[in-house]
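**Student:** Based on the hints, put chain Z in the right spot on chain W.
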Amino acid sequence: MTKLHVTTSINGEEVDFLCEPQQTLLEVLRETLGRTGTKEGCATGDCGACSVLINDRLVCSCLVLAAEAQGQQVTTVEGIASEEGLHPIQQKFLEHAALQCGVCTPGLVIAAKALLDRDPDPDETTIRYWLAGNLCRCTGYDKIIRAVQDAAKTLAHPA
Amino acid sequence: MGAFAYVAPTRLDEALTVLSEHASQGRRAQVMAGGTDLLVQMRSVDREPRTIVDIKKLAETNRLDLASDPIFIGAAIPSAVLNENADFVALLPGLAEAADLIGSTQIQGRATLGGNLCNASPAGDTIPAMIAVGAVCVIAGRGGTRRLPVEDFVTGVGTKALRPDELLLGLEVPKPAPRSGDAYLRFIPRTEMDIAVAGCGVSVTLDDSGTCTAARVGIGAVAPRALLVPAAAEALIGSKLDDAALAAAGRACSEASSPITDKRGTADYRRKVVGVLCRRAGAIARDRARGN
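Here the protein sequences come in this chain order: W and Z.
Under our numbering, the first residue of the first sequence carries the number 1, and numbering increases by one thereafter.
Under our numbering, the first residue of the second sequence carries the number 1, and numbering increases by one thereafter.
Derived from the structure by calculation, the hints contain no laboratory data.
20 Å max Cα-Cα, derived DMTMM-like pairs, lysine to aspartate or glutamate:
hint	chain 1	residue 1	chain 2	residue 2
1	Z	K57	W	D56
2	W	K153	W	E124
3	W	K153	W	E95
4	Z	K240	Z	D287
5	W	K3	W	E27
6	Z	K263	W	D46
7	W	K3	W	E20
8	Z	K56	W	D56
9	W	K3	Z	D54
10	Z	K175	Z	D65
11	Z	K175	Z	D69
12	W	K3	Z	E48
Heads up, incomplete: computed chain Z residues facing chain W, CB under 7 Å, no partners named:
hint	residue
13	Y6
14	L39
15	I107
Positions of the beta carbon are idealized from the N, C-alpha and C atoms, including for glycine.
Chain W on its own, in the form it takes in the complex (with noise of 0.2 Å):
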């Protein structure tokens, strides 16, 4: 089978790689580059723990071939934090105890970083219903939407 070639940017870095045709973008990021920061989870598009941005828009990585990437900035978790530490996301979940066994955290803060870009005071419902493709079977939620809005206000007034 002929492989496709595919250069694309993850996390502001150009890369290259070969997929198959019909191989998901999840697929080629934890297989084929090692990036296994984003999970997979049901791989149907259900519980949101694949999702990466692609230029800022929040998607499943399970429900994109791997081909589409192709000239598309993708953002994955490994892309949040920065040099100086922990994005004020991941530090939340961190302070506010989020998260358990952690398979659906990657996804739960790259989906509330595109909710903190687009609107950095939601309300709770608001949060809920953005987070609603997110599943967690551990924490029971309470925790990742007090970690979220605590997120929001450390980033409209950071210390």
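**Tutor:** Quick look at chain Z alone, frame taken from chain W:
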């Protein structure tokens, strides 16, 4: 058994050439817009190799023209993009709310009206909403472009009136007349992230005195395909959209339905609920029309 291939043409004639070559050679090609149904199906119920023709790079399938009459909505525009457009939401609030009901934020970043229609599920939420606003499919083929009302596009569960060498370019929607409003309601047993048990889209136009002069009603998830219900529209036209008229339209929807019993609801339940949804969506559409 062939192999998978992926192409993302940037010109419509290229896309149509790929489709017609595949059709004439008996090879399978499948058009992809957002891919939220296609990729799931490709990994579960339908693994057969095929050429995936990604139509997101075409200018026409990305075109959103709200100033023209009819309005044009490209088949590859994600529902999140539509719902971020305040003019779109103001013009067609019922269609916007139907698109906003489908899936999570992540799904809405990819899923399209065109894909929802071409997936041809009996429960696709945007289909009754499109039927209600009189949307017409714009279909491109090698021989030119043809048009088909949305209610005639889906022919059965998962089947549609699209030849293998054609693709859906987008939807034309007549620009709503003054004092018009549309609305879509569905019933699901939870608040988010589910598939309709029943759905109903209503659009109405009022005259100066508040009398309904035009109406269209579409129902979903209560028959093998979404249906236009002319009898429901007839019950509304000429009335003030009072409770009696809305109830009559609801009864017409129940009578037009032929639902199945499954884990989401029994046939009797769906038949009743679609009538309730018609009454309520009709009242919302009426109130929106009064405000316009």
